[in-house]
Amino acid sequence: MSQIAEIATGGQIVRRAGLLSLSRRLTWRHGALAIIALVVVYLTLVPLGMILYGTLTDGPPGTGASFTLQNYVRAYGSPDIFRAAFNSVSFAVLSGIISFIIGCYLAWVTERTNTPFKGVIYIAVLVPFLVPGILTTISWVFLLSPNIGLINKVAESLFGLDKPPFNIYSFAGMVWTFGIDHITLPFLLMAAAFRSMDPTLEEAASISSMGPLRQFYQINLKIMFPSILATCLLLFVRGIETFEAPAVIGIPAGIPVFATEIFLALRRAPTDYNLAGTYSTAYLLITVIGVLLYLRVTRVAEKFATITGKAYRPRVIDLGTWRYGVLCLTMLVLFIGVFLPLAIVLWASFMPFYAQPSWHMLSMATFANYVAVFELDEFYRAFWNNLVTGVSAATIAVLLSVGIAWIVIRTDIPGRKMLDIIAFTPIALPGVVLSLALLWLYLTVPLPVYGTLWILIIAFVTKFIPISLRVVHASMLQVHKELEEAAELSSSSWLRNLFSIVVPLILPGLLVGWLYILTLTFKVLSIPILLSHVGTEVLPVLIFSLYQSGGITELCAMGVILTIFIAVVAGLTRLISARFAIKAGE
Amino acid sequence: MISVQGLAKTYAGGNVRAIDGVDFQVETGKIFTLLGPSGCGKTTSLRSVAGLEQPDAGEINLFGETVFSSTRGISLHPSKRKIGMVFQSYAIWPHMTVLQNIAYPLKGKGLSRAQIESKAREALRMVDLEGFEDRPAPKLSGGQQQRVALARAIASDPRIFLFDEPLSNLDAKLREEMRGHIRALQRKLGITSLYVTHDQVEALSISDFIAVMEKGKIVEVGAPRDIYLHPTSRFAAQFVGLTNIMPAKLRHGDAGDTVRVDLPFTSLLCQGLTTKAHSKGDSLMVLLRPENVRVSSSSFNCETNEWRGRVISSIFLGEFIDCTIACGDFQVRARVNPFHQFEDGAEVYLHIAPERFSLLTA
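Chain order of the listed sequences is A and B. Each residue of the first sequence is one higher than the one before, starting from 290 at the first, in the working numbering. Each residue of the second sequence is one higher than the one before, starting from 635 at the first, in the working numbering.
Keep in mind the hints are simulated off the structure, nothing from the lab.
The following label-pair restraints were derived from C-beta to C-beta distances: (1) A:L766 / B:T662: 40 to 46 angstroms; (2) A:V680 / B:K849: 54 to 60 angstroms; (3) A:L766 / B:L823: 32 to 38 angstroms; (4) A:W611 / B:L808: 55 to 61 angstroms; (5) B:G952 / A:L766: 42 to 48 angstroms; (6) B:G663 / A:A321: 39 to 45 angstroms.
In silico BS3-like pairs for lysine-lysine, Cα to Cα no more than 27 angstroms straight-line: (7) B:K741 / A:K770; (8) B:K716 / B:K743; (9) B:K914 / B:K883; (10) A:K706 / A:K770; (11) B:K773 / A:K770; (12) B:K714 / B:K743; (13) A:K770 / B:K714; (14) A:K770 / B:K849; (15) B:K743 / A:K770; (16) B:K664 / B:K716; (17) B:K741 / B:K822; (18) B:K807 / B:K773; (19) B:K753 / B:K716; (20) B:K714 / B:K741; (21) B:K716 / B:K741; (22) B:K851 / B:K664; (23) A:K452 / A:K442; (24) B:K716 / A:K770; (25) B:K849 / B:K664; (26) B:K664 / B:K822; (27) B:K851 / A:K770.
Just so you know, even glycine gets a beta-carbon here, dropped at the ideal spot from N, CA and C.
All chains, full assembly: derive it from the sequences and hints.
Below is the structure:
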């Protein structure tokens with residue numbers, strides 16, 4: 290009898306121990322994972338819900354207004370929204386075509402031809418990545434403005450024109466400025482596509498005695514079609530989202546697009562949050578369609594064995610003496626597209642007041658602007674704000690990405706694919722819409738976030754999680770499952786295993802993602818423009834407000850300093866990723 | 635002692651049965667091998683014992699302690715099961731040195747730094763890797779990495795060893811060497827071990843007992859010698875080594891423990907096999923291992939178990955000649971001493987000793 294009791298209690302002990310350890314596993318691991326999932330959902334879905342709620346109410350955020358459809362009637366009843374939609378879409382399409390043609394041409398030159406100085410060309414094309422968009426946009430005003438534009442002045446004197454041939458303050462000016470600034474992205478994507486194309490496919494076509502034009506159409510174009518489409522769609526989404534060119538050029542020229550319409554609706558007095566929100570719904574619809582198409586195309590692209598996987602050495606086409614012609618054309622493109630905008634900013638940064646480049650003015654060159662920048666309190670404050678928000682946002686985004694990637698790759702928790710998708714949705718959120726959504730949320734919710742750096746950090750984290758997630762996901766896929774299982778056999782602490790086994794192994798990837806996000810926070814204007822206040826501005830915002838108040842030469846000096854800073858960080862990123870052979874987020 | 639009862643697990647929402655009612659016991663100090671083709675559930679069974687997978691049903695006991703029970707809701711964390719495991723990929727952490735790899739499982743167990751180091755060094759000594767302490771793990775050869783994995787498994791004084799195809803990433807020569815190493819170490823430490831492999835030679839050479847698995851079930855358990863010489867299932871007979879399987883009918887009439895069976899092309903006398911469960915005329919299967927079939931161009935002059943055939947092909951493989959011989963409508967594979975030589979189409983005599991084959995119920 291006692292024996293039976295002993296067995297029974299023994300069993301009881303075992304059972305308790307078992308349940309205890311089961312629950313211990315549940316609290317730690319699942320608790321951490323649940324928090325991560327909740328944070329991601331909170332960051333991405335809640336603001337969107339708030340904006341939608343706002344479009345259906347009749348008062349500004351936090352006023353407890355009543356429900357109405359009036360905003361929709363107002364917004365969609367006026368031709369403005371359709372004009373903005375038309376402008377946004379045609380702007381994105383046309384500038385995307387310019388970027389694609391130039392980027393693709395440069396990729397072809399460096400990957401497929403024997404044009405000399407390919408290394409120089411390659412580096413030159415990467416430069417626009419380092420320059421904040423607000424600075425490039427302003428530099429094109431220096432080049433193409435009817436009054437002060439350098440190219441206009443030169444053309445006038447060369448050809449004896451009596452009026453300037455170009456006017457930056459036009460739709461064409463806006464398209465050109467954005468298009469020429471975005472050649473790096475299509476260049477990198479198309480260069481990768483050229484590199485991943487199996488040369489034997491072309492050789493097979495040559496053997497079958499196809500004409501070169503037919504071969505190009507039948508083989509090259511068809512094989513590369515998915516990557517071409519994906520590149521174009523990505524450019525379209527970027528174009529739709531962008532704020533700099535529409536703000537600097539479009540607003541004075543009276544060309545409304547979604548980004549600027551929302552911006553103006555919030556700058557007007559009284560601030561019309563509801564209308565801005567309603568504009569955002571149409572804006573969002575277009576970007577979401579763009580991103581969905583992009584995802585669809587890239588999924589198709591993955592099916593083409595030529596796009597993923599192994600890298601080939603593409604067959605180099607011998608251009609003969611033509612290669613010098615190609616070199617001249619390439620240099621001309623890079624001179625206009627990369628060198629001129631940078632040079633004019635650099636020139637202006639040394640001028641006591643803005644003036645055309647000339648020998649006379651060169652003698653007046655001065656460091657005064659740089660001195661002024663370094664004496665400016667706002668500069669230090671903005672740089673500090675930028676650094677604090679950038680570093681925090683990059684750290685939080687990367688840590689969240691580790692959690693998300695771990696859930697997606699290592700667990701079979703139901704809904705993990707959904708989490709992946711939710712974390713990816715901000716890619717379709719234009720910066721202005723995201724900012725508006727956050728404004729709405731934190732004007733309603735009584736948390737001390739509005740008007741602080743926190744709102745910027747939250748916005749940056751939300752917007753850049755998709756980027757860090759892609760880098761972290763790719764790195765984590767390379768960590769063999771058994772490495773983690775061996776750790777699981779050693780220690781029951783999930784966090785200890787994660788941070789002593791997995792994190793060190795993917796550290797290079799984490800660093801690359803971290804640095805990349807940091808540089809983005811120093812470049813992007815569309816997010817902080819609505820969220821920064823006096824005291825919480827970041828560098829791109831400071832540059833924009835200097836531009837608006839006419840501090841042009843000082844702005845240029847600040848832009849040069851900022852670009853050098855970004856270049857150093859980017860150089861570091863490249864060094865790490867080259868050393869550990871990791872592909873960056875783009 | 636490891637005791638596994640009624641283990642079952644399904645994948646893909648219940649559509650794929652990975653393991654389907656697996657029972658086995660490993661006696662203390664023995665090596666028990668789960669042998670089978672890929673997808674037979676051997677790895678899932680092992681990983682369930684380790685706690686890396688959660689079975690849907692069943693119970694696992696290690697030395698009397700229940701570490702998993704679906705009915706009682708017990709599932710001990712892998713690290714609490716006191717297990718040493720060697721993985722197929724070695725799973726050596728590449729960002730650590732050899733010593734750090736071995737020391738990791740020892741940390742957080744209330745040992746002092748010095749104790750941890752001395753235990754780790756002791757484990758390294760046991761796998762003959764002294765002097766490699768500070769080597770970065772990726773700077774080791776495959777065989778050395780495998781030994782580090784072994785040392786890491788030993789270091790924390792596990793109750794049992796689990797081996798998940800530990801040799802499949804090594805080349806043939808090294809595999810043989812490591813096989814001996816693992817066997818010797820296991821013997822020396824006397825640690826109860828569960829071993830998973832798809833390689834029959836590995837299983838036969840290393841195990842005390844082998845369980846042959848097919849489609850999520852154990853089809854046969856036995857000592858290596860029994861599994862090979864007297865398999866009791868058609869699957870085990872075919873999976874472990876090459877075998878000729880011939881249909882036969884039982885003919886009673888011989889005295890003692892010998893029986894006679896009729897094959898389509900000859901009749902054979904069997905010795906040492908019990909056929910008590912069968913009666914005259916029952917259908918059986920005769921299993922002939924190719925190395926037990928003797929082939930000659932002249933008669934063996936045996937009264938029994940000799941028949942004739944015609945050579946279809948003979949392939950010289952160095953160690954032996956792989957002969958395929960037509961006997962009536964059937965083909966018999968035989969392994970012949972390499973000094974023999976047969977022309978294709980030649981008439982040959984075949985012979986098998988009465989005790990060197992086995993019978994199966996059809």
